[in-house]
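Enquirer: These are the residues of each chain, in order.
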Amino acid sequence: MVWKTIAGLFPSWSMLFQGFIIFIVPVALTRTMTWIGAKEGKVSTRGLRAEGTKGGGVPSAAGSGGNVQKSNPAPRKIKEGGDSVSVADHVSASMTYTGQFQEDLQKFKEMSADMADVNVRELRIGALQIKAALLFVDGLTDKDGMDRNILKPLMNAMRPFEGMTTAPEANVLKNIIIHQVILVSEIEFTANPLMSLQKVLFGSAVLLVEGMTEVFVMGTPKGRTRIGEEPVSEALLRGPRIGFTETLSDNTAMLRRNGQNTELAMISFTVGKRIQKEMVLTYIKDIANEELVEEVKRRIRTIDIDDVKESGYVEQLIEDNYLSPFQQIQNTERPDRVMAALLEGRVAILLDGTPFALIMPVTFAMLLQSPEDYYDRWIAGSLLRVLRFLAATISLFGPALYISFLSFHPGLIPTKLVISIINSRQGVPFPSLIEALIMEVSIEILREAGLRLPKPIGPAMGIVGGLIIGQAAVEAGIVSPILVIVVAVTAISSFSMPMYSAGITLRMLRFVAMFFAATFGLYGVILFFLLLSSHLIKLKSFGVPYLSMAAPYRIRDWKDFIIRMPLQFMKRRPELLKPKEPRR
Amino acid sequence: MKRAGVIMMLLAACVLLSACWSSTPIEDLNLIVGIALDSADETEVEAGFEREGGNYPKEDKISCTYQFMIPQGAAGPQKGSSQTRNFNNITETGDSIFEAIRELLLRTNRPLNGYHLKTVVIGEQLARSMNISELIGFYTRDNNIRPNVLLLVSRGRARDVLNNALPGQIPAFVLEGIFNNRDRNTKIWEPVSMAMVVGPLYGKTSFLLQNVNSAGKEPKFAGAGVIKGKTGKLIGFLDESELEGMVWVTGKGKGGVLKTYDPDRDKLLTYEIKSMSSKIKAKVEGDDISFVVNIKSSGRYAEVLASGGKKLDKAWVEKDEKTLQKQVEKLAQSTVDKMQHELHVDVAGFGKSLHIQFPSVWRKVKEDWDETFSEIPVTYEVNIDIEEYGASGITAD
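Chains as they are written, first to last, in my numbering: chain A, 5 to 588; chain B, 2 to 398.
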């Protein structure tokens, strides 16, 4: 009797099976992930490389960079986080150039220690062989003109020095050089090293001559460079129409031009074992958190691959969780986007040979933000952002809700809609899951095909796909017209994601949601959402929780989350990045 | 590697074995939209089945008629769909409502379900003989049926009400939709849902259900049925003008028409009600209880057929207001008279106001309130305010 009562308390088999499935799916997923992780640890030496015991990407000063710095054996110190001092502090020690060539050059190099794009070209002037150095930023200055108008005349200067055996007085020399040698219209002088560095960073060439306490600042703006075209993957209505190009020096120059700031650090690495490529890590020294910078540097050192073809390789090799469907590093073609991220305290990576820069760390909210939110007035920006959150939800759950309502909960649909759905589904031979799968898969194929086609044929593809297939499928009775609407709205929603790759993630998860919906109905959709949430809560991007702002909850950062508050209110940088300088 | 295989198998099993758990595609359902309950009255079809031996042990007590929609076929332009009936009624007679609905599954391939049930109509004969709570017991218990299903009574056969609607319309929806006209007509009682009758039935309070008649091809709302709380059975009907009086007494109307004749000239005078409210005030002096019904309304002239005189004149308007007030008083008086002296029930909420205003007195009289109420004097204070003359100030002469 007692046993019967106890046995009666056990749930029935179907209930147990249901519970078993609910239990087994997340457990199996977690186990698989840890198993794959362990496997990877065994076959690769990632861990060792991370500790520095095995080689990987190296800062170019120590490695084999074929650039100018290498010819100068002067010790270049890569500033480490802890003792990083800003340029201003350096200069306060000695405010002017001394006239001692080696000492001055050393001073300048120290100031520009973590700016790999500042180049030093040493030379000897004319017949007297006076030591001099030309300082410039690669990509910002017109090298051709510089060679022709500065280097050549200086090196060939014979006549002005006729009859001299030693170097003349500084004043005389200065006059000779201005009046008789250099063929540049724009010349200034400064004795301040900080000022000269600034000039260099902003595109001038600086000439340092032995024996002179002043340096020549020559305006040699870059001539015709290939201007980056409008980014294809991130078009904006309002905002700069320039995108990164394939040349690293152009890109770093673009960033310099975008943010004229002496605190903008650019640290160069070479990556790739067989084919070495230059990569630049950039951040703003007095904003970015040092631990973050160190962590990024550490991960870059673990890169061990023959050739880094695109920044996508870097992204995949340094991200936190490569099994997650969500991207933990943002890629962008827009210099303004990179600059904005840097100013928030993030770190960016530029790779030679690709227009895509990487921004890290990333939070989920960033995937739904567009630079336009900030360029438009805040009300419009907030509206667009709310719309994007809505679109993300639709694109993730649209078909899943359709399936679960139709197959499990007809009572939740308004009566009139139920009538029209029933009417429209008469004669549809498939269950709603198969029906939705047919349509979703064909629209994905259409999208993929439209992407590959040359531009003039693209729209034709849309017409064939959208109109003809949609219409024909309905008339043939394969799918119901309501589903066509659902699929179309879902597809449009997923295209409204400002990050194309984020859209792909949601599209992939949509299929999973559809299977959950077909199995358990709305209950399954909720289970799927919980599963997704638990994954996102665990996920971190460079130590920053992926769902930051929502969880852990930071009300102060909400000013720039779902609603974009007026700029006047956004006085603080996002707290989650722990910037050095929290106030803007 | 082996373990990975096992895990993959498990995952595959999860997806494949559990697919479409308890799902029923929407197009394979018959959605019930309306139900008519009558005292046993077998249809010809049923009689035919019984002759052929399709019968089971039962007592013929209730005839349940279920109305469900017929899908109008695949998409695309529907040709002449408005000419065909897009609903179907099917009747089953028995003693258990639940058994009857399952018996129906022997006659149709698609399961019936009540997700979108809108109205339940109860026939007069059945309502007079059975307790309402017994009749709706199954429907209130069922998980799929919402508690906001509307209840109506029908003088005559309820089945006939569900049979008639204009072409292209579904009778159950028509009945539900007529309630939306309450802002234009005072002869419609408030919609009473199943959730709303459970309380009064349990507390033995009397209440009203909208009555619907059917004649020819259309249904018509005509008065209301009175359910006596003690027995839970129908005991009588209020006709249209009595229902109008009831609406005035309770102040539950949202708008409508008030018609009277100018006593001096015997000309039509109608008034459009824009708002109405009423307050029932109880007075207790010793053992004597009395009620004052305070009715207020504002509105505008609709038709004024009386000739002569300026309509914008204040004295004139006041005189018209008096006439209208008298008419309202007459309507209210006749309704309360019927409640007190013919039906011996209180469905206008007099008891409730007494309960709120004099709880101690109420405790003494509540046992036999319906009878006590029959003896209590009721007076009326009506205040009508014509605040608008419409677009024209000229009389129609």
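Wrong hints could be hidden among the right ones.
[To be verified] Selected chain A positions facing chain B (in silico; Cβ < 7 Å): (1) I246; (2) T249; (3) L410; (4) F412; (5) R429; (6) P435.
In short, the hints are calculated from the structure, not lab data. It should be emphasised that the depicted structure is a prediction, and the values quoted were computed from it without experimental measurement. Beta carbons are placed, not taken as given, at the ideal position from N, Cα and C, and that holds for glycine.
Enquirer: Could you run down the list of hints and mark each one as holding or not?
Expert: Status of the hints after comparison with the structure:
The interface hint given for A/I246 is violated, since its Cβ lies 47 Å from the closest Cβ of chain B, which is over the 7 Å cut-off. Nearest Cβ of chain B to the Cβ of A/T249: about 44 Å, over the 7 Å cut. The hint is violated. Satisfaction of the interface hint for A/L410 is found here, the shortest Cβ-Cβ separation to chain B being roughly 5 Å, below the 7 Å cut-off. Because the smallest distance between the Cβ of A/F412 and any Cβ of chain B comes to about 5 Å, under 7 Å, the interface hint for this residue holds.
Because the smallest distance between the Cβ of A/R429 and any Cβ of chain B comes to about 4 Å, under 7 Å, the interface hint for this residue holds. This hint holds: A/P435 has a C-beta 6 Å from the nearest C-beta of chain B, less than the 7 Å allowed.
Figure legend: structure checked against the earlier numbered hints; hints not met, in rising order: 1 and 2.
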